[in-house]
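Novice: Sequence:
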Amino acid sequence: MLKFAANLSMLFTELPFLQRFAAAAEAGFRAVEFLFPYDYPAEEIKRQLDAHQLQLVLFNTPPGDTAAGEWGVAALPGREAEARRDIDQALAYARALECPSLHVMAGVVTPALNAEQCRETFLANVGYAADRAAELGVNIMLEALSPQVRPNYLFSSQWQTLALCDAVQRPNVYVQLDLFHAQLVDGNLTNLITTLNARIGHVQIASVPDRHEPDRGETDYPWLFNALREVNYRGYIAAEYHPANGTLPGLGWVKPWL
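Those letters in the sequence shown? Residues 1 to 258, by full-length UniProt numbering.
No lab work stands behind these hints, which were simulated from the structure alone.
One should not assume that every hint holds.
Computed cross-link-like contacts, EDC-like style, restricted to lysine to aspartate or glutamate with a CA-CA straight-line distance of at most 20 Å [what the hints assert, rightly or not]:
(1) LYS3 x GLU26
(2) LYS3 x ASP50
(3) LYS3 x GLU98
(4) LYS255 x GLU26
(5) LYS255 x ASP220
(6) LYS3 x ASP215
(7) LYS46 x GLU26
(8) LYS46 x GLU98
(9) LYS3 x GLU230
(10) LYS255 x ASP215
(11) LYS46 x ASP88
(12) LYS3 x ASP220
When you get a sec, could you build the whole thing from the sequences and use the hints?
Specialist: This is the structure:
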């Protein structure tokens, strides 16, 4: 049976963040994810999770200075100390929130930076994160972001993600397969699922090209759900999309699965 999670940074945004947990549970979800928890004490988020019997399955390391265009700092040379403080902070939250997976954000590689040096910096920081996470039983996720959404991010293809996972050489580093980004960059999604198979640690979905509910657009998600079943995928599938006309009216696609 496939398992679905609600991304609370994109769904239920009609409500303040801490009220979204109750809304997700009332809609039938038993798991959630979000981008960042750092504006709230871990204890406050844990109360919401426990009160509504929800499992937190994923969140990200801090994004850096988003006003300056940053989206993660783990790949930025000269920022290693900051990146590792961010990783330590994120793992402290993961431990307090009993979250099994953490996405380590790489960063935007500007023309002033050396791409290969950025890659090596990222690998070193991911190795650090993986070793620390292993002590807590936490898995590390790496996610490719499409240029259409995040120009000049360190990597955009699922094959680049797989190569990075291989290069880190840690058993708890996995591909975070966002099928929205994957369709924009790689296509051939069934082959991606079949080939990546056991390397997939987390899946996210949205329609292509509009990033709305997954029952619209050019991507056949029922087909892909079947492909995930066939490779015995046991992780979560997170609804990470912008509702077209409010969250609740658009949840018809997931109700049979909840």
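Novice: Each hint should be assessed against the structure and marked as holding or not.
Specialist: Hint check results:
Taken as a hint, the LYS3 and GLU26 pair is honoured in the structure, with Cα atoms around 16 Å apart against an allowance of 20 Å. Between the alpha carbons of LYS3 and ASP50 the distance comes to roughly 19 Å, so the proposed pair stays at or under 20 Å and holds. Straight-line distance between C-alpha atoms of LYS3 and GLU98 comes to about 18 Å, which keeps the hinted pair within the 20 Å bound. Our distance criterion of 20 Å between C-alpha atoms is met by LYS255 and GLU26, whose separation comes to about 12 Å.
The suggested pairing of LYS255 with ASP220 holds, with an alpha-carbon distance near 17 Å, which does not exceed 20 Å. Straight-line distance between C-alpha atoms of LYS3 and ASP215 comes to about 17 Å, which keeps the hinted pair within the 20 Å bound. For the hint pairing LYS46 with GLU26, the CA-to-CA distance comes to about 17 Å; that is within 20 Å, so the pair holds. Straight-line distance between C-alpha atoms of LYS46 and GLU98 comes to about 9 Å, which keeps the hinted pair within the 20 Å bound.
A C-alpha spacing of about 14 Å is found between LYS3 and GLU230, which places the hinted pair at or below 20 Å, so the restraint holds. With a CA separation close to 12 Å, the supplied pair LYS255 and ASP215 stays within the 20 Å bound. For the hint pairing LYS46 with ASP88, the CA-to-CA distance comes to about 18 Å; that is within 20 Å, so the pair holds. Pair hint LYS3 plus ASP220 holds up; C-alpha atoms about 18 Å apart against a cutoff of 20 Å.
Figure legend: structure checked against the earlier numbered hints; every hint is met.
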